[in-house]
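Protein chains: 2
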Amino acid sequence: MNKKRKLSRGVAVVGAGMSKFDMFKDRDSKDLFAEAFVEMQSSVDKGLDPGDIDALYIGNFTNDFFVHQSHWGPILADALGLAPRPATRIEGACASSALAFREGVFAIASGFYDAVLVGGVEDMSKRSVEEVAEGLALAAIPDERNAGFTFPGIFGAIATAYFERYGASREDLMNITIKSHDNAPLNPKAQYQATICDVMRSKIKRAKEKGGAVPDWSDEKDFLRDPIANPPIAWPMHLFDCCPISDGAACILLVGEEIAKHFTDEPIHVAGIGQASGRGLSAADDLTYFEATRYAAKEAYEMSGFTPADIQFAEVHDCFSIVELLHIEDLGFFEPGESYKAVADGLTRLDGSKPINTSGGLKCKGHPVGATGAAQLIEVWEQLRNKAGDRGVPIKDLRVGAAHNLGGTGGTCTFTILERR
Amino acid sequence: MNKKRKLSRGVAVVGAGMSKFDMFKDRDSKDLFAEAFVEMQSSVDKGLDPGDIDALYIGNFTNDFFVHQSHWGPILADALGLAPRPATRIEGACASSALAFREGVFAIASGFYDAVLVGGVEDMSKRSVEEVAEGLALAAIPDERNAGFTFPGIFGAIATAYFERYGASREDLMNITIKSHDNAPLNPKAQYQATICDVMRSKIKRAKEKGGAVPDWSDEKDFLRDPIANPPIAWPMHLFDCCPISDGAACILLVGEEIAKHFTDEPIHVAGIGQASGRGLSAADDLTYFEATRYAAKEAYEMSGFTPADIQFAEVHDCFSIVELLHIEDLGFFEPGESYKAVADGLTRLDGSKPINTSGGLKCKGHPVGATGAAQLIEVWEQLRNKAGDRGVPIKDLRVGAAHNLGGTGGTCTFTILERR
Numbered sequence: 001m002n003k004k005r006k007l008s009r010g011v012a013v014v015g016a017g018m019s020k021f022d023m024f025k026d027r028d029s030k031d032l033f034a035e036a037f038v039e040m041q042s043s044v045d046k047g048l049d050p051g052d053i054d055a056l057y058i059g060n061f062t063n064d065f066f067v068h069q070s071h072w073g074p075i076l077a078d079a080l081g082l083a084p085r086p087a088t089r090i091e092g093a094c095a096s097s098a099l100a101f102r103e104g105v106f107a108i109a110s111g112f113y114d115a116v117l118v119g120g121v122e123d124m125s126k127r128s129v130e131e132v133a134e135g136l137a138l139a140a141i142p143d144e145r146n147a148g149f150t151f152p153g154i155f156g157a158i159a160t161a162y163f164e165r166y167g168a169s170r171e172d173l174m175n176i177t178i179k180s181h182d183n184a185p186l187n188p189k190a191q192y193q194a195t196i197c198d199v200m201r202s203k204i205k206r207a208k209e210k211g212g213a214v215p216d217w218s219d220e221k222d223f224l225r226d227p228i229a230n231p232p233i234a235w236p237m238h239l240f241d242c243c244p245i246s247d248g249a250a251c252i253l254l255v256g257e258e259i260a261k262h263f264t265d266e267p268i269h270v271a272g273i274g275q276a277s278g279r280g281l282s283a284a285d286d287l288t289y290f291e292a293t294r295y296a297a298k299e300a301y302e303m304s305g306f307t308p309a310d311i312q313f314a315e316v317h318d319c320f321s322i323v324e325l326l327h328i329e330d331l332g333f334f335e336p337g338e339s340y341k342a343v344a345d346g347l348t349r350l351d352g353s354k355p356i357n358t359s360g361g362l363k364c365k366g367h368p369v370g371a372t373g374a375a376q377l378i379e380v381w382e383q384l385r386n387k388a389g390d391r392g393v394p395i396k397d398l399r400v401g402a403a404h405n406l407g408g409t410g411g412t413c414t415f416t417i418l419e420r421r
Numbered sequence: 001m002n003k004k005r006k007l008s009r010g011v012a013v014v015g016a017g018m019s020k021f022d023m024f025k026d027r028d029s030k031d032l033f034a035e036a037f038v039e040m041q042s043s044v045d046k047g048l049d050p051g052d053i054d055a056l057y058i059g060n061f062t063n064d065f066f067v068h069q070s071h072w073g074p075i076l077a078d079a080l081g082l083a084p085r086p087a088t089r090i091e092g093a094c095a096s097s098a099l100a101f102r103e104g105v106f107a108i109a110s111g112f113y114d115a116v117l118v119g120g121v122e123d124m125s126k127r128s129v130e131e132v133a134e135g136l137a138l139a140a141i142p143d144e145r146n147a148g149f150t151f152p153g154i155f156g157a158i159a160t161a162y163f164e165r166y167g168a169s170r171e172d173l174m175n176i177t178i179k180s181h182d183n184a185p186l187n188p189k190a191q192y193q194a195t196i197c198d199v200m201r202s203k204i205k206r207a208k209e210k211g212g213a214v215p216d217w218s219d220e221k222d223f224l225r226d227p228i229a230n231p232p233i234a235w236p237m238h239l240f241d242c243c244p245i246s247d248g249a250a251c252i253l254l255v256g257e258e259i260a261k262h263f264t265d266e267p268i269h270v271a272g273i274g275q276a277s278g279r280g281l282s283a284a285d286d287l288t289y290f291e292a293t294r295y296a297a298k299e300a301y302e303m304s305g306f307t308p309a310d311i312q313f314a315e316v317h318d319c320f321s322i323v324e325l326l327h328i329e330d331l332g333f334f335e336p337g338e339s340y341k342a343v344a345d346g347l348t349r350l351d352g353s354k355p356i357n358t359s360g361g362l363k364c365k366g367h368p369v370g371a372t373g374a375a376q377l378i379e380v381w382e383q384l385r386n387k388a389g390d391r392g393v394p395i396k397d398l399r400v401g402a403a404h405n406l407g408g409t410g411g412t413c414t415f416t417i418l419e420r421r
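If you read the sequences in order, they're chains A and B.
First residue of the first sequence: 1, per the numbering used here; consecutive thereafter.
First residue of the second sequence: 1, per the numbering used here; consecutive thereafter.
Calculated directly from the structure, the hints in this document are not laboratory data.
The reader is advised that the hints may include incorrect statements.
Where chains are identical, the list cannot tell them apart; a pair therefore holds if satisfied intra-copy or between any two copies.
Capping the alpha-carbon separation at 20 angstroms, the derived lysine to aspartate or glutamate pairs in DMTMM-like fashion look like this [to be verified]: (1) K387 x D182; (2) K46 x D265; (3) K6 x E258; (4) K6 x E257; (5) K3 x D49; (6) K3 x E257.
In isolation and in its complexed conformation, chain A is listed as follows:
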């Protein structure tokens, strides 16, 4: 990057909405996106005439092969009654809707459009686990797939490298899992609504009802260590290190900064955007960081003028527990090799000094892959507007938050900084 990136026109978020994230037997992409759209519309404080929406950008990864339908831009535009407005589908694997957000920012900053709807959707759960694993693997770099890796395997290898280098262990990953599960019940949209304690209680209750041996886990970590309750998937990734299969949609209304007041008195401004491409594990000389995350972060920090210390809280891509550790280092929140200690000290908990994944993260909020990037930004937006309810970050004068989204094994990374001014 040869120069400081800047936009010639400021862009603000003035509305947002998301569907419940869950596994739905009877809801397709149109249903899910419509739910998100309706909530977005009602979130616009001073009202929104859908006719004011100039264009749409839709992130989606798997619909081509999971539901055998491509070309979702115009399909969703039509479903929302917005045709003939232009609608463009963006695919960047699990980072698809963070990319859609970015294209909306560019389209407005260019001066061409004033109001753009951005978001994403995914409809995955009607497929078997095997089909989902095979489908998602299409996002991996060919070398990785040719080597026989699945995603749990790839992130297991990354975890092993991190453990080896910095002395962390599975116990440290468990802190991530416990935190995410503690945050999720505070988020009504989250797929999982149970803390690890809740899960334990429920399993004990069921065991008693069945009249079998009743587990005597001493605490949450004891539960997570139990290979029956928390079986290995690809060592050291166990079941509770992995995000679920999810369906869902999320959308955000972006407008030119100078017209934001027509929509709300509380616009949230796009302070920094960054995106970068990664080369995959086979090209990496070190598995304990993501080069693309670092580049994306650098771009966004430079544009915003903020430093990592200025980011008061963040949503960080945690498809597997290990990557939350890596990313909060790559984003500069903690020094390399230090994040697991910070997590153990509770710094990333809701009441810590740097709350991470207050939404419950991908682990518990769910990960409908094409919707995730937009949903992360919605969490940041709700927090900055003090609309996050019981999971509101208890930091006085909440002003700056950020979202980090990852596609594949770091093939695409984005970092987006939002600001209340």
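With the hints as your guide, set chain B onto chain A.
Coordinates of chain B only, in the frame set by chain A:
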């Protein structure tokens, strides 16, 4: 559209390249895109340091399900040595790379980037005809697919409606086919290098060699009327009304207008861009025009200040011969119901008053779907720089050309006007 669209920063094309379009047994998306990239690089008059490329936008439609690999943005960025620069994949069916072009325009006009590579690639021919037909149908609107339509069937229905309304016939479609085949041998990148006369001669020669009955076609139309030589696919669409299955790639270098002089003394400026979403046949009250093409054209004309009369030549999406007729009406070049007469009068031929598809069009240049939009714009760029060789439009002071790209059955339409100043 409530206001005149404009960009706050001008954008210019300063380089472009494309692979040969053909069916390749041994070349994948990386090979094809690299060929286009190398040609693009050598086309930049004053030289290009690839390090100056800030970002990439890649159009692709079928790689997810035809080659079982998604996430082509970073894969191609890496293949070209451009990682960690951000790379975004855009899917808008057969209009994918026209959309990629547009996102590049926005990214530069926003002030964020100075130089962006846009383009597209498709790798289709390793699949059987049946698989390709089924795969491409994923771009159709669900209603159309549920009704059992394939693309030839859909465009056959459109042709029937046009014939019925305006009194045109298959004879008029043949004029389109003959013209495209006359232009193609003048384009070294075109998949088909034979005029219809060449095809006839070759078939006659082969018949003589085999010692069978020798056809005695009186002229090109007589050949095209022969149901053995030109069999029906979906009436009235016959074989020679349909574009082929093709592999290929195309890419274009866009830069901010004010820095274009560092790359070339002959930049070609982006004068107008337009995009719109269509609702498909089931929602149309009239099959003889594409609402989305009209909207996209209106947007581009308004931005540019040009009228249809100002467009001296154009590339127009001709996946099937009938849609060339419709689109040159929708774009305002001819009145509704008049285009087939204009074509019969030779006005759209290379030496006519409004040359259309000087490249040979999708019919003969080939249609690697994700590369088509960019390739159309490359034809316009070459013509405006007087680099189109023997197929150069013989109009004095060639200054304004345009490209129209269609995805699905009009789900996505774009219209882009380029200008030499």
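Hint by hint, work out which the structure violates, then give me just those numbers in ascending order.
Per hint list: zero violations.
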